[in-house]
Amino acid sequence: MQIPTVLFSLVALSSSTLSAAAEPLPWDGRVQGLTVDSLTDKYITKVLMQRNGQPKGSPADYVTIKEDVRSPAYNGDSGVIDIGVNDKAVWGSEAYSRRSELVQNITTNSTGTTFFRASILKNDTFFYPYSWKVIFPESQLFELHVDARSDFPSILYKTNGTKEAQWKASFKLDTWYNFGIGMKTATGGKGTELQFYTSIGDEDLVLNKTTKIASELPSSIEMHWGLLTQVKQSKTATGPVMTKKQEVFSFNGVSAESGVVTAATTGTSKQARSTTTSVAGEADGVHQTGQKSFTF
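For the sequence shown, the positions run -22 to -1, 1 to 274 when mature numbering (1 follows the signal peptide of the UniProt record, and there is no 0) is used.
Mixed in with the good hints, there may be bad ones.
[Claimed, not checked] Here are the simulated EDC-like cross-link-like pairs (lysine to aspartate or glutamate), alpha carbons at most 16 angstroms apart as the crow flies: (1) K187 with E142; (2) K222 with D102; (3) K44 with D15.
Bear in mind the hints are in silico, worked out from the structure with no lab data behind them.
Turn these sequences into a full structure, and let the hints steer you where they fit.
What follows is the structure, encoded as structure tokens:
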């Protein structure tokens, strides 16, 4: 079955990265000053290095870094990290998966909120009809998926390893989708409260969904940004078929904060606000520069 295989592979990956000391908050994963050669200054590149059972992979095969692409800068970041996968993007012996991710172990805020921020965008059309995990911790406390298995792609937010989405919206090309996910100990000291923030284009983040789960707040969390899919072709007993170009997503403004920060631009204090709609803005079209051309 697919799910146990995914869990097994994530546990195996986690065991290889937990030996690295967790980074303190705030943690900066932004592009400024970063190159493919210096990725390890900010990220763990195990997934990109361990290919087909051999530690001979090259991050340059799947990662491109561009500075001064997003204007105005969002969450203090004008750069973009493009991450791609192809038929050769097999981690370890995971024959049924294709994945390319940047990873980092991050310390959580034991007395307040740990707040993860990132934006994603896709320029090119989808080449393959798969569902992709794009932002998630190894523990699966929360997950962002982009589902391209139909002619109408969608983006979904899930929690605690469940199949049902807590939030769902249509996913459009050339559109910056901004996310913030807060984690803190739930009221009463048991379980974890997850706060899900969203926006599109240049807009500040807006609280969209609050969820309480039974899992206790971990002292550190292993975060992944990139692409992960798993498909078993029953007729051929092979993994995802990827015969064309790489499937590529762009990432921007990656950070982890010791409190909720919703401002589009850094250095501006914003009071968190919530929305009663199911989607915090639905874009008609947003250029890669981030200029908005939509209304709430």
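Hints, verified against the model:
Straight-line distance between C-alpha atoms of K187 and E142 comes to about 14 angstroms, which keeps the hinted pair within the 16 angstroms bound. Between the alpha carbons of K222 and D102 the distance comes to roughly 13 angstroms, so the proposed pair stays at or under 16 angstroms and holds. Between K44 and D15, the direct Cα distance comes to roughly 13 angstroms. Compliance with the 16 angstroms bound is thereby established for this hinted pair.
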